[in-house]
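Asks: Residues per chain, in single letters:
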Amino acid sequence: GDSVTQTEGQVALSEEDFLTIHCNYSASGYPALFWYVQYPGEGPQFLFRASRDKEKGSSRGFEATYDKGTTSFHLRKASVQESDSAVYYCALGPDTNAYKVIFGKGTHLHVLP
Amino acid sequence: GGIITQTPKFLIGQEGQKLTLKCQQNFNHDTMYWYRQDSGKGLRLIYYSITENDLQKGDLSEGYDASREKKSSFSLTVTSAQKNEMAVFLCASSFRGRRERLFFGHGTKLSVL
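If you read the protein sequences in the order shown, they are chains A and B. Per this note's numbering: the first sequence = residues 65 to 177. Per this note's numbering: the second sequence = residues -12 to 100.
Because the hints were derived from the structure by calculation, they are not lab data. Any given hint could be a false lead.
Listed next, the in silico DSS-like pairs over lysine-lysine satisfying Cα-Cα at most 30 Å (straight line) [what the hints assert, rightly or not]:
no.: 1; chain 1: B; residue 1: K70; chain 2: B; residue 2: K28
no.: 2; chain 1: B; residue 1: K9; chain 2: B; residue 2: K28
no.: 3; chain 1: B; residue 1: K(-4); chain 2: B; residue 2: K57
no.: 4; chain 1: B; residue 1: K44; chain 2: B; residue 2: K96
no.: 5; chain 1: A; residue 1: K169; chain 2: B; residue 2: K9
no.: 6; chain 1: B; residue 1: K70; chain 2: A; residue 2: K118
no.: 7; chain 1: B; residue 1: K70; chain 2: B; residue 2: K(-4)
no.: 8; chain 1: B; residue 1: K44; chain 2: B; residue 2: K57
no.: 9; chain 1: A; residue 1: K120; chain 2: A; residue 2: K169
no.: 10; chain 1: B; residue 1: K9; chain 2: B; residue 2: K57
no.: 11; chain 1: A; residue 1: K132; chain 2: A; residue 2: K120
no.: 12; chain 1: B; residue 1: K9; chain 2: B; residue 2: K44
no.: 13; chain 1: A; residue 1: K118; chain 2: A; residue 2: K169
no.: 14; chain 1: B; residue 1: K70; chain 2: B; residue 2: K9
no.: 15; chain 1: B; residue 1: K(-4); chain 2: A; residue 2: K169
no.: 16; chain 1: B; residue 1: K70; chain 2: A; residue 2: K169
no.: 17; chain 1: B; residue 1: K28; chain 2: B; residue 2: K5
no.: 18; chain 1: A; residue 1: K169; chain 2: B; residue 2: K44
no.: 19; chain 1: B; residue 1: K70; chain 2: B; residue 2: K58
no.: 20; chain 1: B; residue 1: K28; chain 2: B; residue 2: K96
no.: 21; chain 1: B; residue 1: K96; chain 2: B; residue 2: K58
no.: 22; chain 1: B; residue 1: K5; chain 2: B; residue 2: K44
no.: 23; chain 1: B; residue 1: K28; chain 2: A; residue 2: K132
no.: 24; chain 1: B; residue 1: K5; chain 2: B; residue 2: K96
no.: 25; chain 1: B; residue 1: K28; chain 2: A; residue 2: K141
no.: 26; chain 1: A; residue 1: K141; chain 2: A; residue 2: K120
no.: 27; chain 1: B; residue 1: K70; chain 2: B; residue 2: K44
no.: 28; chain 1: B; residue 1: K96; chain 2: B; residue 2: K9
no.: 29; chain 1: A; residue 1: K132; chain 2: B; residue 2: K44
no.: 30; chain 1: B; residue 1: K5; chain 2: A; residue 2: K169
no.: 31; chain 1: B; residue 1: K9; chain 2: B; residue 2: K(-4)
no.: 32; chain 1: B; residue 1: K96; chain 2: B; residue 2: K57
no.: 33; chain 1: A; residue 1: K169; chain 2: B; residue 2: K28
no.: 34; chain 1: A; residue 1: K169; chain 2: B; residue 2: K96
no.: 35; chain 1: A; residue 1: K118; chain 2: A; residue 2: K141
no.: 36; chain 1: A; residue 1: K120; chain 2: B; residue 2: K28
Excised from the complex, chain A in its bound form:
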C-alpha cells in the first residue's frame, strides 16, 4: 500500500547548521506531499505542500522539492534556530484515494544553542 518513509528518527544540530530531513514515498500516480511540524503539547501544524513533479513548497525558511523520479520530498533549511526544535512529519495524500492522508513516523529535531 501507499507509505511514507522518514529515515531519521532524531537529528541534533547546532544553531546556524544546515538541515536535511529525508522523506521518501511509495504511491502510484501523483500524490500530494506535505510537511507538518509539531511543537510540544500541540497538534501538528501544516508547513507547506506540493502537488506535482518539480514543484517546490516553502514556508518559514523551510523548503522541499517534489521529485517523482526519486520519489522524494526532502525537507531543507539553510540555517536552523533553537526555536525550530520540534517533530517534523512528512505526509502524502494518495492519488488513488481522494481523502486519505498518510504520515511518516516523524523526525525529532533538536537544535542546540
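Using the hints, position chain B against chain A.
Replies: Positioned in the frame of chain A, the structure of chain B alone reads:
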C-alpha cells in the same frame, strides 16, 4: 479562523473499559480524521469521515468505533481499553480531503491502568 477542540485533554481508563473521545470543529470542514500517535510510530489513521454520517476505516481501525453525528463533530470510541496502553489521539479536519491541509486539535492523552 477556526479551532478544533478535543475533549477530554487527558483520559485515564481501566482495562476492558469502553472510552469515548470527542472532537468539535468550527471551520465548517467536510472531512474529519482520527489519528493515533505513538512514540516512534508516527501518526496512524484510525478512521476518517468524508461528510456527515460517512465513516471510512483507516489502517488501525480494529478495536475502535467512530461516529460522525453532525458536520462539526466526530467521536472515537475505544471499544475495550488495553492494559498499560498509552497514546495520544489526534483529531483533524480538512476542507476537501487529500490535497488540502489538515488542521489538528491538541490531542487527547490516554492512559490505561
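Asks: Please go over all the hints and tell whether each is borne out by the structure.
Replies: Quick rundown of the hints versus the structure:
Restraint check for B:K70 and B:K28: satisfied, since their Cα atoms lie roughly 19 Å apart, inside the 30 Å limit. Only pairs whose Cα atoms come within 30 Å are accepted, and B:K9 paired with B:K28 is accepted, the gap being roughly 23 Å. For the suggested pair B:K(-4) and B:K57, the alpha carbons sit about 21 Å apart, so the restraint of at most 30 Å is met. Between the alpha carbons of B:K44 and B:K96 the distance comes to roughly 22 Å, so the proposed pair stays at or under 30 Å and holds.
For the proposed pair A:K169 and B:K9, the alpha carbon gap of about 25 Å is at most 30 Å, so the pair holds. Proximity of B:K70 to A:K118 is assessed by CA-CA distance (about 47 Å); at most 30 Å being required, the pair is judged violated. Among the hinted pairs, B:K70 with B:K(-4) is consistent with the structure: their alpha-carbon atoms are about 20 Å apart, no more than 30 Å. Restraint check: the Cα-Cα separation between B:K44 and B:K57 comes to about 18 Å, which is no more than 30 Å; the hinted pair holds.
Restraint check: the Cα-Cα separation between A:K120 and A:K169 comes to about 22 Å, which is no more than 30 Å; the hinted pair holds. The straight-line distance between the Cα atoms of B:K9 and B:K57 is roughly 12 Å, inside the 30 Å bound, and the hint therefore holds. Distance hint between A:K132 and A:K120 is fulfilled; the C-alpha atoms sit about 12 Å from each other, no more than 30 Å. Restraint check for B:K9 and B:K44: the C-alpha separation of about 17 Å stays at or below 30 Å, so the hint holds.
Of the supplied pair hints, the one linking A:K118 and A:K169 holds, its CA atoms being roughly 24 Å apart against a limit of 30 Å. Of the supplied pair hints, the one linking B:K70 and B:K9 holds, its CA atoms being roughly 22 Å apart against a limit of 30 Å. The hinted pair formed by B:K(-4) and A:K169 meets the criterion: a straight-line CA distance of about 23 Å does not exceed 30 Å. Of the supplied pair hints, the one linking B:K70 and A:K169 holds, its CA atoms being roughly 24 Å apart against a limit of 30 Å.
Simply put, B:K28 and B:K5 have alpha-carbon atoms about 24 Å apart, close enough for the 30 Å limit, and the pair holds. A distance of roughly 20 Å separates the Cα atoms of A:K169 and B:K44; the hinted pair therefore holds under the 30 Å criterion. Our distance criterion of 30 Å between C-alpha atoms is broken by B:K70 and B:K58, whose separation comes to about 33 Å. With a C-alpha separation of about 16 Å, the suggested pairing of B:K28 with B:K96 holds against the 30 Å cut-off.
For the hint linking B:K96 to B:K58, the alpha-carbon distance of about 24 Å falls within 30 Å, and the restraint holds. Between B:K5 and B:K44 the alpha-carbon distance is near 19 Å, which keeps this suggested pair within the 30 Å criterion. With a C-alpha separation of about 25 Å, the suggested pairing of B:K28 with A:K132 holds against the 30 Å cut-off. Of the pairs offered as hints, the one joining B:K5 and B:K96 holds, with about 15 Å between alpha carbons and a cut-off of 30 Å not exceeded.
With a C-alpha separation of about 24 Å, the suggested pairing of B:K28 with A:K141 holds against the 30 Å cut-off. The hinted pair formed by A:K141 and A:K120 meets the criterion: a straight-line CA distance of about 13 Å does not exceed 30 Å. Between the alpha carbons of B:K70 and B:K44 the distance comes to roughly 24 Å, so the proposed pair stays at or under 30 Å and holds. Taken as a hint, the B:K96 and B:K9 pair is honoured in the structure, with Cα atoms around 12 Å apart against an allowance of 30 Å.
A threshold of 30 Å between alpha carbons decides the hint, and for A:K132 with B:K44 the separation of about 28 Å falls inside it, so the pair holds. About 28 Å separates the Cα atoms of B:K5 and A:K169, which keeps this hinted pair within 30 Å; it holds. As the CA atoms of B:K9 and B:K(-4) are separated by approximately 10 Å, the hinted pair is consistent with the 30 Å bound. For the proposed pair B:K96 and B:K57, the alpha carbon gap of about 24 Å is at most 30 Å, so the pair holds.
Between A:K169 and B:K28 the alpha-carbon distance is near 5 Å, which keeps this suggested pair within the 30 Å criterion. The straight-line distance between the Cα atoms of A:K169 and B:K96 is roughly 18 Å, inside the 30 Å bound, and the hint therefore holds. With a C-alpha separation of about 18 Å, the suggested pair A:K118 and A:K141 falls inside the 30 Å cut-off, and the hint holds. Using a Cα cut-off of 30 Å, the hinted pair A:K120 and B:K28 holds, with the two alpha carbons roughly 27 Å apart.
Violation of the numbered hints given earlier is confined to hints 6, 19; the remaining hints are satisfied by the structure.
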